[in-house]
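Colleague: Those protein sequence lines, which keep their order, are chains A and B.
Per the numbering used here, the first sequence runs over residues 4 to 256.
Per the numbering used here, the second sequence runs over residues 25 to 558.
A hint or two may mislead.
[Stated by the list, open to error] In silico lysine-lysine, DSS-like type, Cα no more than 27 Å apart, as pairs:
| hint | chain 1 | residue 1 | chain 2 | residue 2 |
| --- | --- | --- | --- | --- |
| 1 | B | Lys-376 | B | Lys-365 |
| 2 | A | Lys-10 | B | Lys-376 |
| 3 | B | Lys-376 | A | Lys-91 |
Calculated directly from the structure, the hints in this document are not laboratory data.
What you are looking at is a predicted structure, and each value in this text was computed from that prediction instead of being measured.
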Amino acid sequence: MSKWVLKGLHTGIRTTAYPDQEETAPGVSPGRPRSAHWTGGDDPQELLSRCPTGALGLEGQKIFVDDQRCIHCFRCLRGLRNPAEWEKGYEWAAVIGDGSPSSLGKAFGRSLHIRCVDGGACGACLSEIEQLSKPHYNIHRLGFFITPTPRDADLLLVAGPVTDHLRLPLKKAYEAMPAPKRVLAVGACALSGGVFGPSFASGAGVKECIPADFGIPGCPPPPLAIIHGLLLSVSRKPLVSPRLSGSMVGRKR
Amino acid sequence: MDRPMEPTKEWEFLSQESARRWPGQVRLRFTAGEKSCLVELSTGVLADLCTFLFLEAEFTLASLIIEEKPPDWHLRYIFYGDRGGGPIHLLLRVPQMDPTVPSISRYVHAADWHEREAEDLFGLTFEGHPRLGDFVLHEEWPEGVNPMRSSFDASKPYVHRELEPEWRPARIVQAPGAFMMPIGPVYSDFAESAHFLLETVGEDVIRTIPRFFYKYRGVEKIAEGKTIEQALLLAERFSGTSAFAHSLAFCQAVEKIARVEVPPRARALRRFLAELERFRHHVAAIAGICQSTALAVATSQAAILEEEILRLSGMFTGHRYLFGLNLPGGLTTDFSDDCTKKTTAAAEDLLKKLLDLQEMLRFSSSFLDRLEEVGIVPKERALSYGLVGPIARASGVIRDLRRTLPYAGYESVDFSIPGEEEGDGYARLRILFREAEQSVSIMRQVASSLPAGPGVFSPPAPQSGAALGWVEAPRGAAFHWVRLGENGQVARYRITPPSFTNWHGFHLAAEDFAFQDFPIIMATFGLSNAEADR
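Put together the whole structure using the sequences plus the hints.
Modeller: The structure is reproduced here in structure tokens:
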């Protein structure tokens, strides 16, 4: 069995330096459109009409992006003379709703137990969550632990639009958690229903079902964005924006 | 246009057999251009003809598609096989006044879940089927509500009954100490939501009763009335880990309806991206298998490769899971020859590391002990369940749509289809390794001979019609049936994903093995619930 030990040692450390340093490796994030002043000249309607989820809106002369709805379809970027501004980065997590930020506080800063619940996710969000405990991200080094039971969990990670069939299991998982507890909604589906909801079979995100405190936009949010959300929930990262931008201005078509 | 013609060589057997066995009862139509065969038949001959195709002609069931065409229901049974000549569509018309159809699943077991699904979602009755009811729709749905019928309004939330789950399937195992072990729907660390009841007498799992469709998002229903671009998002995102394959199948169906030819460069790039996705999927599945056996270093090694491929995909296309690339008519963006070559070189480098890992695993006895002769699916069972993809190929059913019904220019590609005979967990693992190797080889071939010309195209004008698109997705054969209405909007969309086909046969592998093998068998199947539930 020593060959495995040697192999592991030989591989060396692959883990990202985030959050101490910014991760600059290419391909860690798809990026996203950014709210910006419209400088394209002509009518911005062509750009706005390209957005399939109504994430783009117009406020005066400003193109406004509803992060909760953006699904990185690149339709506002590719094949347009005046594309939307696209930003790199991954520190996307924010507080949901208008209330004051309610992190779990420093007491959980060194040891936070997380239960992950699939609310009908397509698999990409779950795959990104799974990467968290793999060598490149290794959240255990930050004191975050995945637990198999909600009874041990301080934080509930929910992905997917919450299908009707999963509403009850999700509620039960939430109720089984001891207080204080927080809920982190992962991905566009969990925030707004994404491309699936609301419909006859699924809802418009987690907050319809249980109170959600933090949200991570993205389809799927890259692992670094999820780490940002975890850090946020225990006040180890400052709130970049006070809450998720977007008041559902655009209409879903 | 459809015009009757003489059967081509591939279909002669069918016209001869039907003239001999069912004279005057079936009508065969062969479509020029698109290779396929349409058989119109009556309920009387359905079971006989399906049995003939499935058991004698060695065809397998691709899909069962139900369409509402007042005053009738149209049932389209699609089969495909290795004889060439494309898929065969059996079209059965049943009056809506009396929607009773003879069940074929007694003879064609692969149709079992298709019939159960159709009974639940459309309210059709399949006479002779032993287990109808409560399949896709769980107990909170009252009987008699069939969401796939056109009379059902899918736009607003459906008010369900508030019920505690009361699913209690009958216990078969009667022995001292026998009990039912529930697993799910929320279980394990990152597992997808699904529910399993294991009937056991201590150690051995005697029966596995799965319950799926917790993740039923009604994708086929909510696609109705949407434009092609809107529906494309659903096709791409209902299964995020095989997004490119499914969006490709959808685009190919739309392209067939609009009769557009995809230019060679886009077809080549589609092959490239499809293989990149397969490579990533297989590495992720290998990581899953290593994790299920708790071999920590190997898990980490495979997981490092998986993340490297995700980053490579992100670098190459902008999206780690290859979202937003396919468009009817081509791709949304072009890739430079240089970029494609660099990506291939990076993939080759990762493959080398993967094969190193394979060598190490081959000689790790503690690992092999957990996989060898565990979770066996014998070949005859794989055939009768119509299993697809790496799972079928590990059981000796060596069939791959890239070869059987070539698409996207795969006929010009040189690749081998690995096959194994044992049908156990280790055979499935070996298939994953060998297919990953083939995928990188295909990427290399594409990159070294990328045709010049445009790669980005404007989508074709919407046209009405219906067509079947298919791909060999990473988990196996996927079929997408798309019907566009007069306004160019989707009138009917039916997806038959490989996970749906293969979960049907999962119990074969899980039964008669010990409890602690269950997660390992599940990992060697590597299926997705999002893909199966839709």
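Colleague: None of the hints should be skipped; say for each whether it holds.
Modeller: Going through the hints against the structure:
For the suggested pair B/Lys-376 and B/Lys-365, the alpha carbons sit about 17 Å apart, so the restraint of at most 27 Å is met. Between A/Lys-10 and B/Lys-376 the alpha-carbon distance is near 15 Å, which keeps this suggested pair within the 27 Å criterion. For the given pair, B/Lys-376 sits about 31 Å from A/Lys-91 by alpha-carbon distance, which is inconsistent with the 27 Å threshold.
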